[in-house]
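**Q** In order, the protein sequence lines correspond to chains A and B. Residue numbers 1 to 112, in my numbering, belong to the letters of the first sequence in order. Residue numbers 113 to 225, in my numbering, belong to the letters of the second sequence in order.
Some hints could be false.
[Unchecked claim] Only some residues are given here: those of chain B computed to face chain A with a beta carbon under 8 Å: (1) 146; (2) 158; (3) 161; (4) 162; (5) 166; (6) 217.
If you're looking for bench data, these hints aren't it; they were derived computationally from the structure. All of these numbers come straight from a predicted model, not from anything done at the bench. In this text, a Cβ means the ideal position worked out from N, Cα and C, and glycines have one as well.
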Amino acid sequence: DTEVTQTPKHLVMGMTNKKSLKCEQHMGHRAMYWYKQKAKKPPELMFVYSYEKLSINESVPSRFSPECPNSSLLNLHLHALQPEDSALYLCASSQTSTGPLHFGNGTRLTVT
Amino acid sequence: AQSVTQLGSHVSVSEGALVLLRCNYSSSVPPYLFWYVQYPNQGLQLLLKYTTGATLVKGINGFEAEFKKSETSFHLTKPSAHMSDAAEYFCAVSIDTGNQFYFGTGTSLTVIP
Chain A
1 DTEVTQTPKH
11 LVMGMTNKKS
21 LKCEQHMGHR
31 AMYWYKQKAK
41 KPPELMFVYS
51 YEKLSINESV
61 PSRFSPECPN
71 SSLLNLHLHA
81 LQPEDSALYL
91 CASSQTSTGP
101 LHFGNGTRLT
111 VT
Chain B
113 AQSVTQLGSH
123 VSVSEGALVL
133 LRCNYSSSVP
143 PYLFWYVQYP
153 NQGLQLLLKY
163 TTGATLVKGI
173 NGFEAEFKKS
183 ETSFHLTKPS
193 AHMSDAAEYF
203 CAVSIDTGNQ
213 FYFGTGTSLT
223 VIP
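This is chain B alone, in the form it adopts within the complex (with noise of 0.2 Å):
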């Protein structure tokens, strides 16, 4: 079975501060990689994703994520916080058996001015 693991359910940064967020994953086939953001009231936006080639991922508004197969983990980070990044993140993953996605728990960031 698959599952996904985001540490940390809240996190708090500063603006302007690096902001990370973590993702393991548990899967025993190659995992398709993806993390989205949730602004109040509205769906879940693609920030980025992995499914094959280069391991680090870049996305949208200057999110990065690099996958490392050792570590079984897909770390979201950018580089200085905005104050527009306040939201709820969630890591998910797919595997190749047919529109199954499975996704953590949600890790929600707040930025401190």
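Just chain A, same shape as in the assembly (with noise of 0.2 Å):
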């Protein structure tokens, strides 16, 4: 079992709609990530909180937008998003900023 939960595990929605992603970890972590993945491809970086801060953006579409409500939570909120945004979308931790990574079984978002 993951100690890092992420709902849904399946998302489709429509160009128009608006929709959260949603993930919780209870290891006591300070740093939290989003990564999209395309199939056979590694994760990409989207965004970093660290303490309940963002601290990197890697320059994601401004329809992708995160939030941390806690240290425990992590939000990725979408809304009018494209075809091309369908990916595998995965949630981690890190207790140290040099890791390791601990990540969830992830979204896997389709966009019609």
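Bring the two chains, given one by one in their own frames, into a single complex with the hints.
**A** What follows is the structure in structure tokens.
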């Protein structure tokens, strides 16, 4: 069982919809991450929160909006997505800035 | 800049044979090194990590890796492949500048019965 929990596991949304992905960890980790992964590719970093503050934004389009309500929760708000945004979205956490990363099982997003 | 190279995007081995997955990195500072495994429709699971100390690192599921600074390598091995080892494997590097992890392109391991 993974210690990072992501919901939902699957999400299908239209290009005009608004939806949110959720991530939760109870390991006391102070860094949390959103990654995007396309099939057969490595994860691509989107955002990093460190001590509940956004510390890294990898030039992600504004249709993706992260939120860290507290040290255990991480959300990714989605609006007006494009079909090319379809991917596996992975949440991760780490105790230190050098890792290791602990990943959730991801949300499989399909944009129609 | 840091980079990670995984030689061989696809590796096939027979069940019971040695598994060797290659990882080379470039880093101007001491790196932290990781191997992850990803099964279909799952997230990445940490196999093992090297931070400091002993250069031969043992991980889960019988895997181990050796950090060779002179060769800038961190190859993953397992003496005897099992069918359940079939998966995608990623090598990753981080350095002490904060929350940045560099992944290799991955190696897909097939185990032939």
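**Q** So, for every hint listed, does it hold in this structure?
**A** So, going through the hints one by one against the coordinates:
1. 146: 5 Å, holds
2. 158: Holds: closest Cβ of chain A sits about 5 Å from residue 158(B), inside 8 Å.
3. 161: 5 Å, holds
4. 162: With a minimum Cβ separation of about 10 Å from chain A (threshold 8 Å), the hint on residue 162(B) is violated.
5. 166: 17 Å, violated
6. 217: 6 Å, holds
The structure does not agree with the numbered hints 4 and 5 stated previously, though it agrees with the rest.
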